[in-house]
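Listed in order, the protein sequences are those of chains A and B.
Whatever position you read off the first sequence (first residue = 1), add 109 for this note's numbering.
Whatever position you read off the second sequence (first residue = 1), add 109 for this note's numbering.
Just so you know, these hints were derived from the structure itself, not from any lab.
This one's a predicted model, so the numbers in the text were calculated from it and none came from an experiment.
Possibly wrong hints are sitting among the right ones.
Chain copies aren't distinguished; within one or between two, either way the pair holds.
[Stated by the list, open to error] With a straight-line Cα cutoff of 16 Å, these simulated EDC-like cross-link-like pairs (lysine to aspartate or glutamate) come out: (1) 922 <-> 869; (2) 114 <-> 178; (3) 181 <-> 685; (4) 583 <-> 595; (5) 718 <-> 813; (6) 761 <-> 685; (7) 806 <-> 622; (8) 295 <-> 708; (9) 630 <-> 462; (10) 701 <-> 410; (11) 630 <-> 184; (12) 922 <-> 870; (13) 833 <-> 754.
Number of protein chains: 2
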Amino acid sequence: MSTAKYVYLFNEGRADMKSLLGGKGANLAEMTNIGLPVPPGFVITTEACRDFYNAGQKFPEGLEEQTLEKVKFLEEITGKKFGDPQNPLLVSVRSGAVISMPGMMDTVLNLGLNDETVEGLAASTGNKRFAYDCYRRFLQMFGDVVLGIDHHRFETILEEKKAEKEVQFDNQLTAGDWQDVIEKYKNIINTETGKPFPQDPMDQLFKAIHAVFNSWNTERAIVYRRVHKIPDDLGTAVNVVTMVFGNMGDDSGTGVAFTRNPSTGEKVLYGEYLTNAQGEDVVAGIRTPQPIAKLEEEMPDVYRQFKETCELLEKHYRDMQDIEFTIERGKLWILQTRNGKRTAQAAIKIAVDMVEEGLITKEEAVTRVEPSQLDQLLHRRIDPSSKLNVLAKGLPASPGSASGKVVFDADLAEKMGKEGEKVLLVRMETTPDDIHGIVESQGVLTSRGGMTSHAAVVARGMGKPCVCGCDEIKIDYAAKQFSVGEQVIKEGDVISIDGSTGQVLLGEVPMIDPELSVEFKKLLEWADEIRDLGVRTNADTPEDAAKAREFGAEGIGLTRTEHMFMAQDRLPIVQEMILASTLEERQEALNKLLPMQQEDFYGILKAMKGLPVCIRLLDPPLHEFLPNAEELAVEITRLKLSGADESEIRAKEELLRKVRSLTEFNPMLGHRGCRLGITYPEIYKMQARAIFQAAAKLVEEGYEVFPEVEIPLVMEVNELSYLKELVIKVADKVMNETGVKFKYAVGTMIELPRAALLADEIAQEAEFFSFGTNDLTQTTFGFSRDDAEGKFMHQYTELKILKENPFVVLDRKGVGKLMKMAVQEGRKVRPDLLVGICGEHGGEPSSVEFCHLIGLDYVSCSPYRVPIARLAAAQAKVNNK
Amino acid sequence: MSTAKYVYLFNEGRADMKSLLGGKGANLAEMTNIGLPVPPGFVITTEACRDFYNAGQKFPEGLEEQTLEKVKFLEEITGKKFGDPQNPLLVSVRSGAVISMPGMMDTVLNLGLNDETVEGLAASTGNKRFAYDCYRRFLQMFGDVVLGIDHHRFETILEEKKAEKEVQFDNQLTAGDWQDVIEKYKNIINTETGKPFPQDPMDQLFKAIHAVFNSWNTERAIVYRRVHKIPDDLGTAVNVVTMVFGNMGDDSGTGVAFTRNPSTGEKVLYGEYLTNAQGEDVVAGIRTPQPIAKLEEEMPDVYRQFKETCELLEKHYRDMQDIEFTIERGKLWILQTRNGKRTAQAAIKIAVDMVEEGLITKEEAVTRVEPSQLDQLLHRRIDPSSKLNVLAKGLPASPGSASGKVVFDADLAEKMGKEGEKVLLVRMETTPDDIHGIVESQGVLTSRGGMTSHAAVVARGMGKPCVCGCDEIKIDYAAKQFSVGEQVIKEGDVISIDGSTGQVLLGEVPMIDPELSVEFKKLLEWADEIRDLGVRTNADTPEDAAKAREFGAEGIGLTRTEHMFMAQDRLPIVQEMILASTLEERQEALNKLLPMQQEDFYGILKAMKGLPVCIRLLDPPLHEFLPNAEELAVEITRLKLSGADESEIRAKEELLRKVRSLTEFNPMLGHRGCRLGITYPEIYKMQARAIFQAAAKLVEEGYEVFPEVEIPLVMEVNELSYLKELVIKVADKVMNETGVKFKYAVGTMIELPRAALLADEIAQEAEFFSFGTNDLTQTTFGFSRDDAEGKFMHQYTELKILKENPFVVLDRKGVGKLMKMAVQEGRKVRPDLLVGICGEHGGEPSSVEFCHLIGLDYVSCSPYRVPIARLAAAQAKVNNK
């Protein structure tokens, strides 16, 4: 059995080998092949990582031999040698997953240094301070990453040394200082591991590879993958690259840059660098770096070369790039390129600009924006006309606004967030260990770090507002407070941040509705040209309908009439109707509701003039409109014991009796939906009359309207035929009474498994189907959303029993199978059957894609998700050609 | 367009034309063709009836012409003529449905009589009294049935006449008396309809046919069809038959007889007759008739001829016959034959005897017994060793015993019965108008009428105990009581009846378990030879298991472990386990439960030694084991207001808090089934250990046991693989600890739509499937049984939105479709997958048939339904060859 090829030289790879070489490795290979200045190196494949785990965290056969071989090759082309005291080969060992997980996995720089080679490095560079700086960095990283020693142990020593020398920054320490530090670091390693620091570079290398493989399964990496829905079985590649040094003095440096502004999308080079530093100094946010523009002044040649490289890479990859570079004694090296993460706003602008620059097609453009990301643009932002109590200003690191209680600790942020509290995480800087707290926070505020610091990158990725590097605020973790000048903000106080301006504001701040940018509108127009799926909205009020229409809704997919029943001025009449003991009494109450319902429907149909409006007849169980039985029982006991009036007690007891008679063991599976229409036809008749009278009035006033009357919770065609006849009779009556003809349709929700299974029979009566995937999910899985999410859903996703919460992402295998059957069977009987979806899935991109795949006519979602659905529908078309 | 052939002469028909000619018509035709003495006549088809309804209750084209033509034919062969004063043709007009509905539809006798022909009849028979008796009968029947006049109007006149003449029976009235009655009857008709009685026989005939068609849709006929599950769209045929007269004097008579005893199955002629009477006198139970044996003494020739005819008919039809006959002046006429209704006991004996007589095959025999009828033999009966307080004795009209509150009125019986009260309907006699009250009663007791009276026939048909003709009891409807000698029984008092002995007993009576008769056992053995489906039982105790085994169960299909949790001595420990705030506390409580559960499983596995036992792990939501939240809240309020001890209040509040945290919106869709096993693996581990320790102990003791561990409420294969691994680990541990090897399997319930939809994936882990059709029905239909049956199921079946209650008869179209898919997909992956059903449908014959059709391995039902399932399984095989 020949072993796999586990190790690739850069010139053996290509950009499209990402799944084998990881993102970083594939791109290093690609850049090497197009002639860019990439330091020589090789990649250990993700397959090696998977085989490592399959073998129980042991190197698979052949990996060590192949690595040795490639190291030989590096030694040949660099002319350096591992462990050579005169001219030592030094390398970096970096993780490189298929899907980028920034900061989540481990990296070791300067590998190859030991007590001998550090002297060689000092000699060959003529820079002792530099050599010792490298060695102490290597010792710390190796100690932390490979040997598992708490990095605070090392940091404390460094802080002590700076205190001793009374200096503020690392670069103020001397070669001698570093030698002291190095001795202490080696002592720590010896004490902690019981063994001296390993001096053999080859031994160092294998240990480092081992550590990088292991870092695939750290807590934080696992959390990150869950949040970003990255499969756990991909594994990471390992990149071994010849070291180049940004810390060789003031003609050296290191930085990262985006080819366009990742926050706004503007076409300018956007980034930061630090002179005399290694890469992790920039990302970690320890020293606040210089903007990239400054490089033009400091090193004009390097800047020009870098700018050209950026242009070349963007054209080559046909997308905005996020590039890491190092300048070693004036020579530019490119260490990484990848498609840059960006805000939704930037994603839109870049996609639209690139179409206009002729770089990509419209089809490509619509796939360049993650629909779920659009949420941040479609939500309310701070009202610019409001008086703001500005506390401080930091860097506008991730756009959007958020308010919440100040929390200084990621664990507490997670806890409070899960309990439903709105919190803002405030930290000096964030690290990958804070990720779980960021997930549950409304936004992040840091006092240190730049636009590419950890907090900024992570928040942008999650679409959460973030203000970074706000050094006006002084955080005191111990006292659980921060101060700005005289003002003290304590844990639990409410502040707001505006990630688009960098403002930090006291208290909660008034928000306004979003407006779509010109580019956003253009992108959505392209999406509209491309997509097959229609997009409607779920709206219960004329205001919602109007807002959705502005966002491009092509009709209403669901108007819930029960929300109208809940209005404060109506509830007493609704209760009267429910508590009626005769049909006459009930009819009287319904007569009072009729003009109100008619007014509701008039408003909505008018707002949607010219477009279809699907109105669902009363759905929830009647006891939802009555007081709670337990509260009533307690009140009666109280009244009795406090000697209250007999008649009052009797009235309450009578009410309780009725509430009890309506109470159900499982309201979700009870007397609701069309079952109400069948047992109380007078209710549905009233609603049908309200719809048709509103329609007749609008037609008379010259509007074109098209109400679709929707019968909910059907599980048998006989229910539908019975109620359809009732609706048609009302329509005929209203036409006769008013002398006005109007168009309408009668159809049904498909929200129970039996309805899907018998779709062929139901389609004989139904003019349209609308999938109610909330209820269909509940009955197909046999769990109610309220109970599942409160009790066990968390464990189900944690244990990976379910990959996704099926109330968020449509379950294609189960619920989707029923939907597919229903569409096919229904259309067999009625080829022009209109089929849509109105469950909450209608605005979720993966679910929208599934709706496209099974041939639905439209999706319907909340007004603010209409643009998301439009884009997702277009992507579904493009991605499934 | 040629019209349909709507009218058939008897010699044009055959027995197998039942669906066109109705049961009665087809058999009259058959008997005519085999040469039996059937009066000449013709049949109007059920198709004519259906077309009559389709045309809006109008005769379809051609019907009248064809009828006229056949009347001509009758006139020719009888030599009599419609309306001929000298020699008038008289006919009966009778309904004749496809499926017999005894007494439910209308009949008119003596049609053709009028003021002139009655004189001709008198002259030609030389019997004025007879002729006037016929005429007055005709006037009353025609008035009641065709003209819709309340029959009490006619009866009052008759009673007045008898009072006036101071006689007790009709046959004591003279020709002159009848003439008076006839005049009064005609006056009633004139007053009530505003028109004189129609004198034209052809007019009479068409009006009577019209009335018979209409009687298909009377209230009582509709109720009867619903109870007996007869489709509403079959329609009835109409039989027009030349009159023969049982009321021509003492050499005439009329009667009905069964070729075997319909109560016991004994092979003796069994019936009753009345001399000088027309047929309705026997059926209506007005005079108590003579036993058929008496006929041998009174008219030996006629008896011999009748006996031979009976034997001939039984051989011809290869089944027990129910025969109506009339003797006209010493000549025997056969008016009807049909397969006789019989008790379950009789059905079994007749079927077994006929096999032994070589009349039918074993396959036929098993189809001759309605499985659902067996219920009456499988239920408890009066303990013969108990001291009985016998009130009175009547005829043993329908076997079985019942106790209940005395009710004298069918409406009240219906009302109380629906409210869950056990009632016994006590009537002088019953009529078809009482049917709704009989349905809701435990049994029926009448003071008048014989073994073939309405009450007896209906009760036998429904399998309800009945005692008839108990003339010792004197009923006083007005006082709402009956008396036996000095003893007075009031409405609401409890009595019992034994329909097998005719005893009426005071109070409730101790009952004992049933035993199977020799014939029953033989029939079930034949069923076992024939059937493919296995039959298991649902049993939670060793006693139930043993009983079921006695009844032929081949294993246990469902042992519910929660019933064991509910036992009084365990509930406190179970609550301790639930309320535990740490894993340690919970484990402690579980440790106490372990030996108890082990004892349970030991008993059941031992009772079922050698057979498989499927044990379901804990299924219900935990709050089912805790007190009710509302009651607790009320109690806390009471304690507070009455100044109770603070610590007591706090303890209750703490309990309430926990109860609330476990309370669910929809417990059916909540935290239950395997979801408990996943969130509290320690519970399932304890249960698995209890099972395996019991198994190990039994194996050591030399028993062969085969536990099947069943994971409930699975909707995703990952749930199953997670819990299966847990169970296997426990099994391995127990084998290691005990050193005993035992066999076991791990499988799952298929009780959620998603489990059925993903059966292929689930079968990769499951060694068996068991359909939990109770839950599967609830989730597929989206209604809970408790809520549906309490709130709207009644209306759903009333309005025919559902043909059957799907919790009783398995819904083949919806639930069945999912089951079929699951079986197919599951067996694709695992061809030897064991598949059964353990929902309540497992003992319902139509559902058992469906299980046979989709290839299940076994059905499982309650112990008392095991024989029903065995028979139903055999029938499914025979009927679907």
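Now the hints, each set against the structure:
Taking CA atoms no more than 16 Å apart as the test, residue 922 paired with residue 869 passes between copies only; the shortest distance there is 11 Å, against 21 Å inside one copy. Taking identical chains as interchangeable, the C-alpha atoms of residue 114 and residue 178 lie at most 16 Å apart only when both belong to the same chain, with a minimum of 12 Å there against 99 Å between chains. In the homo-oligomer, the alpha carbons of residue 181 and residue 685 never lie at most 16 Å apart, since the shortest distance is 89 Å inside one protomer and 68 Å across protomers. In this homomeric assembly, residue 583 and residue 595 come within 16 Å of each other (Cα to Cα) only inside a single copy, at 11 Å, whereas the closest approach across copies is 103 Å.
Taking identical chains as interchangeable, the C-alpha atoms of residue 718 and residue 813 lie at most 16 Å apart only when both belong to the same chain, with a minimum of 6 Å there against 75 Å between chains. In this homomeric assembly, residue 761 and residue 685 come within 16 Å of each other (Cα to Cα) only inside a single copy, at 15 Å, whereas the closest approach across copies is 36 Å. Proximity of residue 806 to residue 622 under the C-alpha cut-off of 16 Å is found in neither arrangement, the shortest distances being 32 Å within a copy and 72 Å between copies. In this homomeric assembly, residue 295 and residue 708 never come within 16 Å of each other (Cα to Cα): the closest approach is 81 Å inside a single copy and 64 Å across copies.
In this assembly of identical chains, residue 630 and residue 462 lie within 16 Å of each other by CA distance solely inside one copy; the values are 13 Å within and 87 Å between copies. Neither within a single protomer nor between protomers do residue 701 and residue 410 lie at most 16 Å apart by alpha-carbon distance, with minima of 82 Å and 81 Å respectively. For a Cα distance limit of 16 Å, the shortest separation of residue 630 from residue 184 qualifies neither inside one copy, at 55 Å, nor across copies, at 92 Å. In this assembly of identical chains, the alpha carbons of residue 922 and residue 870 lie at most 16 Å apart only when taken from different copies (10 Å versus 23 Å within one copy).
Within a single copy, residue 833 and residue 754 get their C-alpha atoms no closer than 49 Å, and across copies no closer than 61 Å, so neither meets the 16 Å cut-off.
Violated hints for the displayed structure, listed by number in ascending order: 3, 7, 8, 10, 11 and 13.
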